[in-house]
Amino acid sequence: MENIDWKSLGFGYHKTDYNVRCYYRNGQWGEIEVSSEETIPMHMAATCLHYGQEAFEGLKAYRCPDGKVRVFRPDENAARLQSTCRGIMMPEMPTEKFVEMVKTVVRLNERFIPPYESGATLYIRPLLIGTSAQVGVHPADEYLFLIFVTPVGPYFKGGFFANPYVIVREYDRSAPLGTGIYKVGGNYAASLQANQKAHEMGYACEFYLDAKEKKYIDEAGAANFFGIKNNTYITPKSTSILPSITNKSLMQLAEDLGLKVERRQIPAEELETFEEAGACGTAAVISPISRIDDVEAGKSYVFGEKPGPWSEKLFNLLRGIQYGIEEDKHGWTLVVIE
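When we follow the working numbering, the leftmost residue of the sequence shown carries the number 3, and every step to the right adds one.
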């Protein structure tokens with residue numbers, strides 16, 4: 003294992019040994035290639051640079067107490083990437099090849115997988131870009147799909163705790179029928195200004211309402227939102243929200259634990275009725291929300307300075323499955339290294 007101070011590791015890029023690549027040319031995907039280069043040779047007229055033909059995913063590999071290394075639901079990441087490909091006119095990477103490349107890159111960089119006790123994990127970043135040289139708005143003919151990995155520290159420095167969020171009305175993350183349901187870089191670029199403003203105001207993250215009417219809850223920064231009340235797990239239904247694999251998993255676990263699950267429009271005013279609230283995604287699993295301030299409306303929706311009991315239970319259960327501690331009833335984990 004690499005000699006790294008795992009416990010002080012931040013959430014960022016750390017050089018590893020290898021990445022894996024696959025090129026799409028002449029209407030088909032080529033063979034999987036292994037590279038130790040951190041850079042990509044690219045034409046200055048590549049479509050990813052000019053017309054945004056770019057998509058990515060994020061998942062993790064976990065070194066578990068039983069000595070095995072597991073990856074969580076890579077087939078779901080493959081399916082979401084395929085959906086993005088259909089949305090922005092890129093060739094779909096077959097699930098089998100996607101999963102094979104995930105397994106290959108994790109095994110090649112085994113020495114960078116943090117030990118279980120550290121709380122750190124190996125972050126896996128698949129990336130697909132249009133590489134054809136062209137000037138004119140139409141899909142590329144050639145593409146590069148690659149996966150690199152980097153060890154990352156726990157998203158919560160100092161533990162699992164609740165943070166304040168703020169509603170922003172003067173910014174939209176994406177349009178109702180735009181690219182919000184796809185994992186493309188443009189969505190994140192569109193959130194940078196609002197995110198910076200939220201941080202300057204002393205909040206952990208910004209909170210978006212729907213772009214059309216500014217009435218309904220959309221997403222919390224770069225994560226899905228959920229609220230819990232009356233033994234019900236409620237999460238927004240919208241045509242501009244990225245379908246989170248973590249949220250999908252939490253909805254299933256909530257049902258397993260006896261909660262009702264609702265996916266529907268959530269009016270902003272309904273926030274005052276929730277007993278617990280959180281943001282969820284790959285990086286943190288659940289980021290509990292202490293309060294959501296609506297500065298413009300002069301309101302503050304308070305959920306408590308500590309994570310709620312259901313949030314804590316769901317967090318521990320999902321983490322337990324990822325680390326092979328809890329029973330994986332739904333077959334979500336893939337053992338990559340025995």
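Everything labelled a hint here was simulated from the structure, so no lab data went into it.
One or more of the hints may lead you astray.
Unchecked claim - The calculated DSBU-like cross-link candidates involving lysine-lysine, where the alpha carbons are at most 30 Å apart (straight line), are:
#1 Lys-62 x Lys-308
#2 Lys-308 x Lys-231
#3 Lys-250 x Lys-315
#4 Lys-301 x Lys-239
#5 Lys-214 x Lys-262
#6 Lys-217 x Lys-301
#7 Lys-9 x Lys-315
#8 Lys-99 x Lys-9
#9 Lys-216 x Lys-199
#10 Lys-9 x Lys-62
#11 Lys-214 x Lys-231
#12 Lys-70 x Lys-99
#13 Lys-262 x Lys-199
#14 Lys-315 x Lys-99
#15 Lys-331 x Lys-250
#16 Lys-199 x Lys-217
#17 Lys-239 x Lys-250
#18 Lys-331 x Lys-315
What's the verdict on Lys-199 and Lys-217, does the C-alpha distance respect the 30 Å limit or exceed it? 21 Å, holds
Quick one, are Lys-216 and Lys-199 close enough, alpha carbons at most 30 Å? 19 Å, holds
For a C-alpha distance cap of 30 Å, please report whether Lys-315 and Lys-99 respect it. 35 Å, violated
30 Å Cα cutoff - pair Lys-250, Lys-315: 16 Å, holds
Is Lys-262 close enough to Lys-199, meaning Cα to Cα at most 30 Å? Violated, at about 36 Å.
Within 30 Å, alpha carbon to alpha carbon, are Lys-301 and Lys-239? 23 Å, holds
Satisfaction of hint between Lys-250 and Lys-331, Cα-Cα up to 30 Å: Judged against 30 Å, a Cα distance of about 15 Å means the pair holds.
Is it true that the CA of Lys-239 sits at most 30 Å from the CA of Lys-250? Cα-Cα ~12 Å, so holds.
Does Lys-99 sit within 30 Å of Lys-70, going by the straight-line distance between their CA atoms? 22 Å, holds
Run the distance test for Lys-331 versus Lys-315: straight-line Cα separation, threshold 30 Å. 17 Å, holds
Would the pair Lys-9 and Lys-315 pass a check requiring their Cα atoms to be no farther apart than 30 Å? 24 Å, holds
Given the hinted pair Lys-217 and Lys-301, is their Cα-Cα distance within 30 Å? Between Lys-217 and Lys-301 the Cα gap is close to 14 Å, so the pair holds against 30 Å.
Against the hints set out earlier in the document, violations occur for numbers 8, 13, 14.
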